[in-house]
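Undergrad: Next come the chains, spelled out residue by residue.
Number of protein chains: 2
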Amino acid sequence: MSQPPYFVGIDVGGQTIKGGVVDDLGHALSSVSVPTEAAKGQEHGLGQMCEAVRRAVATSGLRLDDIAAIGVATPGTMDIPAGIILDPPNLRPWKNVPVRQHIADTFGKPTAFQNDANAAAFGEYWVGAGREAKSMVLFTLGTGIGCGIIIHDQVLEGQHSHGAEVGHIIVEATNGRMCGCGQPGHLEAYASATAVVKRTREALEQPGLTSCLSEVLKVQGDLTARDVFDAARDGDSLAQRIVEETAYYLAVGAVCMMHTIDPDMVVFGGGMIAAGEEFLDRIRHHIRRMAFPVPAERTAVCYAKLGTDAGFIGAAACARQLYQRLAAAK
Amino acid sequence: MSQPPYFVGIDVGGQTIKGGVVDDLGHALSSVSVPTEAAKGQEHGLGQMCEAVRRAVATSGLRLDDIAAIGVATPGTMDIPAGIILDPPNLRPWKNVPVRQHIADTFGKPTAFQNDANAAAFGEYWVGAGREAKSMVLFTLGTGIGCGIIIHDQVLEGQHSHGAEVGHIIVEATNGRMCGCGQPGHLEAYASATAVVKRTREALEQPGLTSCLSEVLKVQGDLTARDVFDAARDGDSLAQRIVEETAYYLAVGAVCMMHTIDPDMVVFGGGMIAAGEEFLDRIRHHIRRMAFPVPAERTAVCYAKLGTDAGFIGAAACARQLYQRLAAAK
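Heads up: the sequence lines are chains A and B, in that order.
This note's numbering puts the first sequence at residues 171 to 500.
This note's numbering puts the second sequence at residues 171 to 500.
Isolated chain A, as found in the complex (with noise of 0.2 angstroms):
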């Protein structure tokens, strides 16, 4: 191949499963959704990634022969290194799903595979906000907290391929809040945009409180994060209150993270983002009064920049990674 390589990545959601080719540079040359209908069953999901295959390269201006590898991120369980899809709560009733090798053979390209939350912190370390770190933590702020951490290049697998699953680090010991996995005191249960809601709904039902986002609830009947980041905005007590606590767990989320991996950042990302620098600096604060010295001094704190593209971008990543390791070995 005299020409420089092209790379598709898949990024498979519970709903929708986005892709594109992407150049050696992590330039997006196209991209595209098709519908992941995983209630269909897991054949027809298979085929619908291949769609998204195609879709992405035809959409591109270039054709199949021009991909040199291609990446697939799901969310779990899954087996990394196996290549399959386990019992994903977010695509069911699909079970051992073989992705790696169905789209291998598909396509006939060597592809990696890799957990949906560790391939958008790749494609941020590759080409978004951790461009110029060494090492990097990336919290996916969303219904759940999703969490991948790059260590030198390497995405942290783990041995059973539950690394980096920090929306689940225990941090309330004692009467800690449910978690949507059944464990209390999770870092989720506090932080998550779904976590945000939940305590305001929570707070709402308090005698004697007044909020402006009692009305908002009677009005449209439920909640979003950004109806509670806004009302704190607009100077809501009780929403600001919620804001404050949910910087602050972050910073914990983070800290923990700067005292275990000490990475060159930590980088936020998913919807929960559009909350603005403001809440970044109260994030940014907790950390720099909980930190030690130097990494609080030291590690940059940030907003993810690849937004919802960080996915099939950080496949295709990995599929780059894999191209560079074979190459490498001939």
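Mixed in with the good hints, there may be bad ones.
One copy or two, either will do: identical chains are not told apart, so a pair holds if it fits within one copy or between any two.
Only pairs whose alpha carbons sit at most 30 angstroms apart, straight line, appear in this in silico DSS-like list of lysine-lysine [to be verified]:
(1) 265 to 210
(2) 500 to 388
(3) 368 to 500
(4) 500 to 304
(5) 265 to 388
Hints in this document: simulated from the structure, not taken from any laboratory.
Just so you know, these numbers come straight off a predicted model, no measurement behind them.
We have chain A; now place chain B onto it with these hints.
TA: Chain B only, in chain A's frame:
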């Protein structure tokens, strides 16, 4: 060098420098001790380190010419890549001590430099409890909680030499006990040997409690963690509660690492492991209950095997790794 290489490891502690010659398979040919005498200043301390190296070699029956490389482990704070101790609380009044350069210049040997807790973990990983592991987290339970993390033969040093400071992850984000480092809620404040004694003494001050430890305290004027574990074994209910809580908090720390590093093996070392298998089983019980199913089932949880030799053997392991890298680069 036609014979297999030998390495010297030394482990610099607040009171004592331990050292020994270690062969290529991790067997210690000698084990010596030299007083650190930190208060006499860092020049003197560097001299004591050199003395430890010389005695280790002399006692082994080898000559200095037989030594391929030297490894030095010290407490932090430190700059590991630079080979410098910065501002060590346990080695006052030392400041900015160029340890690696001094040892390398004195003996004319390649010299590796590592944090003492990291070195202990690397020793256990090489020829101790973690011999079969591919990745390992070691908690050393003493005055504080030291920690070292090894992933695929690499010590996790961190970007600012603060990797694996897991005694200082936050496990009680609300109303946490104060840690020796001055921050609240750290694992070390709940589960070090010192914390066991402190929590027991506080409990004994509560009115209406009866415990055989009140008498022990009166007679001895002080308590040790050993006293508490002994009393628990003898059926003292207050001591049993403290031991059970300690096992719980150590499990919390282990689970946080299993959901971050996801190692093959979690190892507990330090004086407190004299508490025996029953204590380890309590830790395992809480880990299995709290960790995700796959790591809960597959992660080995055990006691360290090298005792207080782990540090110098691990320092020798660092020397060996350096020697192998230099050989590979030739």
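Undergrad: Each of the hints needs a verdict: does it hold here or not?
TA: We went through each hint and held it up to the structure:
{"no.": "1", "hint": "265 to 210", "in the structure": "within (13 angstroms within a copy, 65 angstroms between copies)"}
{"no.": "2", "hint": "500 to 388", "in the structure": "neither (65 angstroms within a copy, 73 angstroms between copies)"}
{"no.": "3", "hint": "368 to 500", "in the structure": "neither (54 angstroms within a copy, 60 angstroms between copies)"}
{"no.": "4", "hint": "500 to 304", "in the structure": "both (27 angstroms within a copy, 26 angstroms between copies)"}
{"no.": "5", "hint": "265 to 388", "in the structure": "neither (40 angstroms within a copy, 62 angstroms between copies)"}
Of the hints listed earlier, those the structure fails to meet are numbers 2, 3, 5, in rising order.
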